[in-house]
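Chains A and B, in that order, give the protein sequences.
Positions -7 to 745 (the working numbering) are the ones given, in order, by the first sequence.
Positions 31 to 428 (the working numbering) are the ones given, in order, by the second sequence.
If a hint is listed, it holds; no wrong ones were tucked in.
Taking CB as the label site, the calculated pair distances span:
(1) 260/B - 333/A: 45 to 51 Å
(2) 405/A - 238/B: 47 to 53 Å
(3) 407/A - 70/B: 29 to 35 Å
(4) 255/B - 337/A: 48 to 54 Å
(5) 198/A - 263/B: 53 to 59 Å
(6) 409/A - 238/B: 48 to 54 Å
(7) 189/A - 378/B: 53 to 59 Å
(8) 304/A - 241/B: 52 to 58 Å
(9) 38/B - 335/A: 31 to 37 Å
(10) 250/B - 304/A: 54 to 60 Å
In silico DSBU-like links for lysine-lysine, alpha-carbon gap of 30 Å or less:
(11) 41/B - 321/A
(12) 237/A - 137/A
(13) 41/B - 318/A
(14) 32/B - 386/A
(15) 41/B - 180/A
(16) 386/A - 71/B
(17) 174/A - 232/A
(18) 398/A - 107/B
(19) 335/A - 53/B
(20) 398/A - 53/B
(21) 335/A - 226/B
(22) 226/B - 398/A
(23) -5/A - 131/A
(24) 386/A - 341/B
(25) 71/B - 44/B
(26) 53/B - 318/A
(27) 41/B - 398/A
(28) 303/A - 32/B
(29) 53/B - 185/A
(30) 386/A - 44/B
(31) 321/A - 32/B
(32) 180/A - 318/A
(33) 41/B - 410/A
(34) 416/B - 226/B
(35) 386/A - 53/B
(36) 32/B - 410/A
(37) 71/B - 398/A
(38) 185/A - 386/A
(39) 180/A - 53/B
(40) 339/A - 71/B
Derived from the structure by calculation, the hints contain no laboratory data.
For glycine and all other residues, C-beta sits at the position ideal for the given N, C-alpha and C.
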Amino acid sequence: MDKKYCAYICTGCGIGDALDIDELSGVVSGEMSMECKTHPYLCGKEGRALIEGDIAGGINTVVVGACSPRVMTSEFNFGEDKITVRANLREQVVWAEVKPAEGEEPHAEAAELLQETAADYMRMACSRAKKTALPEAYKLEAINKTIMVMGGGVSGLTAAKEAAAAGYDVLLIEKEAQIGGKARGWRKSFPTKAPWTDLEENPVDALIAEITANAKITVKTGTEVARIGGAPGDFRVSLKAAGAKTEWDAPAKVTVDEQELIDKGQKEDPNQGLQKYTAVDPGAVKVGAVVLATGWKPADVSQFEHLGYGKIANVVTNAEFEKLAKEGKVPANVAFVQSPGGKDNDKDFPYCNSVTSMVALKQAQYVCQDNAEGKAYILYQHMRTPGSMELFYKAAQLNDGIFMTKGSVVEVGEAGGKVTVAVEDTLLGENLNLEVDMVVLAAGMEPTTLHENTINLAYRQGPAFNDLSLFDGYADSHFICFPYETRRTGVYSCGGVRKAETMEEAVDDATGAALKAIQCLESTDRGVSVHPRSGDATYPEFFMQRCTQCKRCTEECPFGALDDDEKGTPLPNPTRCRRCGTCMGACPERIIGFKDYNIDLIGSMIKSIEVPEDDEDRLRIVVFVCENDAYPALDMAGMKRHGINHMIRFIPVRCLGSVNMAWIRDALSAGMDGAMLLGCTYGDDYQCHFVKGSEIANKRMENIGDTLSTLGLEPERCAAEQVAITDYDKIPQILNDFVESIVEMGPNPFKGF
Amino acid sequence: MKVQPDLEFIKSLKLAGGDTLKKCYQCATCSVACPLSSDQKPFPRKEMIWSQWGMKENLIADPDVFLCHQCGDCTEKCPRGAKPGEVLGAIRSYAYTYYGWPAGLAKLATSAKNLPMLIGVPALIILIFWFLSGAMHIPSVEEFAKKGYTNFFGHWDFKWYAKNIFFIVAFMVPAAGIAAFSIYKGITKMWASMSKNAGIEPTFRPSVMQFLTQFLVPSVTETLQHKRFKECTTNVDRVKGHLPLVFAFIGLFIVTCWSLFKQDVLGLIWPSLHGPLPLIDPFKLLANASAIALLYGIWVLWTNRTAMEAKGKSSRTFYDWFLIWEIMAVGVTGFGAELLRWAGLPTFGYIVYFMHLVSVMMLFLYLPYTKFAHIVYRTTAMCFEKYRESGFAKNVMS
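Let the sequences and hints guide you as you build the complete structure.
Structure representation (structure tokens):
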């Protein structure tokens, strides 16, 4: 595209009052040699008309010096074939000016300092405009829009039903000989509607019938997924008979060190007899997206020896009891044990949550329904009945034959053909000894992903989801606000594999996951990114000639988007990519970049910042700010008029993971005095939109600190901070403290070289 | 403790006004509201779960259940609508039936279904006695003005024991006797269960005098002062009805005793003392004042309860209303009979007087099984409360 530029400065919202606009437009038209116009109300009808008039006259690249790029997005959107670059003069310059404290004299050069800051933001915007290019969406040659649903239980069936209802072909894979999953064994299900008191007919039979009759849904029972290769819109699925072993089973991940041992014959190859992960199975079925609904397994409760499971005949799990109930074999006196802990531990069984509480309430009702004199004891440490299910709890409570108490079950024994239960610390104020016909243990619901790969991807980063230990093995991305997402694009999880949940929740979940799969297919079809950069048409491009096969990008991609060949050269899968740029940040050769976001572009922005020499009042500190949380927090700080030191220049980045250390070196060698990364929390409670970005960035910053000290620069000139979007009130302090520490260190000794 | 929930017990509590008992979820708000609750004995939270679990034995031997005078603070504060106050009322109702003797009669007095029997039997007995007395005729206006109701069962010349008194005693005393025996059995059984549950194994027993001065008199004094009633916040208006009622009963008790003494002892010496009292007689004044207090008191309780029920704060139960009706009947018929005597209407007077006799007999006969039993059971519980804190209950030897 032959770019024709014009810059516009809005003088509204106090910008015109605080700055010398003539001087500012002089910087643009002079230094940056770009025509510059001003308008008192640029986002208004007239302002927009001014820009549109110029666009009609041939301008195609617009620089807008006004408010934050996070606001007025539609006002300053001039179409997909135009480039708009925004300079944040309002929130981060004019509104972020440090005001003197009461009784304090304002800085003698306050106006000049503000003017310099604004000028730098205009310079950065102009250099960005010069370096950026229009994106060209990556499109698959042929897209497959079939949705594969793994697992034929309530969630899987619902996902299939919903996807088919939205017009998509569905391939439903079920390991067992019949679809319906665990729900087929349930006698009744929880209430799903007002008054939320009565047990309902199990919906699974109706659902099975509906799925079987649906022409858009192909059901394959007795079948398992051996491996899934490819990428969204073009997954290649190798199927096999349930339980079988084939050469197309997904290979385990082998690290470089392990491979070395294998090659030396010191370690057995775990992938003996398996096809390489990059191999293409000619018999594979093509699908576009995957819904993972493989469900859960009842947890083993025999580890709790005092409860007698496996030793005493009439001690059963809740799942086993449900089966007996369905067959009509419900004894008259039953104790439901919700927590195994004995006296010192009030935890519920592992992998329990509200579901097991509600199951006990349901099953206690069977006891009273089937026996005139039925007595059901529920011995709990916690009863969890969220939302409207509180009404279900209340209704069960009203049953004369249901007896509930909090208490520690210390012993389950046998006496005279009966099962005895000893309970301490009860609400009755006494230790209880119950004599019952049966004891039901509230065994938890372990996700299938806890012990198995389940998804069986043929990816470089291995066949399973990464870091599931953060979520106790549940296939939950925990992207905070991003339900159903996983760390593998095009794979969406729902039902028991994601969380221990009721059938009703599973139905909601499955519907959500089906919609996610559809979004993914449609985004892939248009060549744009899925969540969280939905609609982004750029994608990372690799200049392979200069690749050194260092494998950093393939290792670090949080989404496993990059496979590689034998030598380690990355094989990109753009439809798996979420466009975070972590690969770009990782690459030491700087060969990865996006059309509108690359090493050169950000490097040029850094270099366009004016770095005065020999002026202690005018040090320059560059702060790379994550667009997702830190940047909005900064805008909010501006809206609240929290002052931010005038020596700081912010550069927004897609994710801290995309920050290439070359930029830090660029900044310091340009004479800047410090550099900081401002991004999301990482670790157990991570908030990074791209999961690993801020964590990786932090490691890189530690390494660069070492490099700086070898050059004789203080490593403290570089820092990385974690903030949350709600930390707008803390950010100014963090930044100003950093500036103070730089001021104490003094100017960068390389300034001016 | 071995648990064996009694489903029948739960059902009967539900029928007797405790229909909300299963709603309790043990938050203990009631225990915070109740002045009877202590750190070791979260009352009535614990009683609520005992009821839910059908643990009859614990409840009927729990003095706190009887100490509760249903002020309604717990019911008012309960976030679940479990109405602990009403449940405790139902437990007491159950306990009176449980301790009541003979069991058949006790059971009979628990249900509105049995009202025809409950009213019919005393009415029939009195009617039979009336026929037996041979006095079944309505007196002339002059005779009525002179004798009032003193010749209701006729007159004979055997001056040492008036015919009227003979007949009244003939049915009232057995009725009161059954009640007294029933109460004696009930409270001894209750005392034993309470001692057992409280784990009291006394080494010394208080003498009758010690019992009276240390436990009974202070309890009665406390009752007369209505101290605990006044601690209520929600339903403090009840004092305005209950207090006049208590004094009315005391007043009427004194008048009845005096009347017996005067007519049957002094009357032997001075026959002129027979017949109705003149209006200015101090005892007549006391009698009339008590009657008015009784009517006022029961009217306050009646309206109060109706209002509480309308607000959904109390359940409408036979247990509560039977006593209110009974007292109202005694008051209205007693006072009505007197008014009719003044009005010189013998026929109406006799009918109302007959109804008065029936209602008084019912009050006596059913005392141990109805809410009226609280006079004795509550007083016993108050004594026990003082007893268990006393040196007698604590094993001083260990």
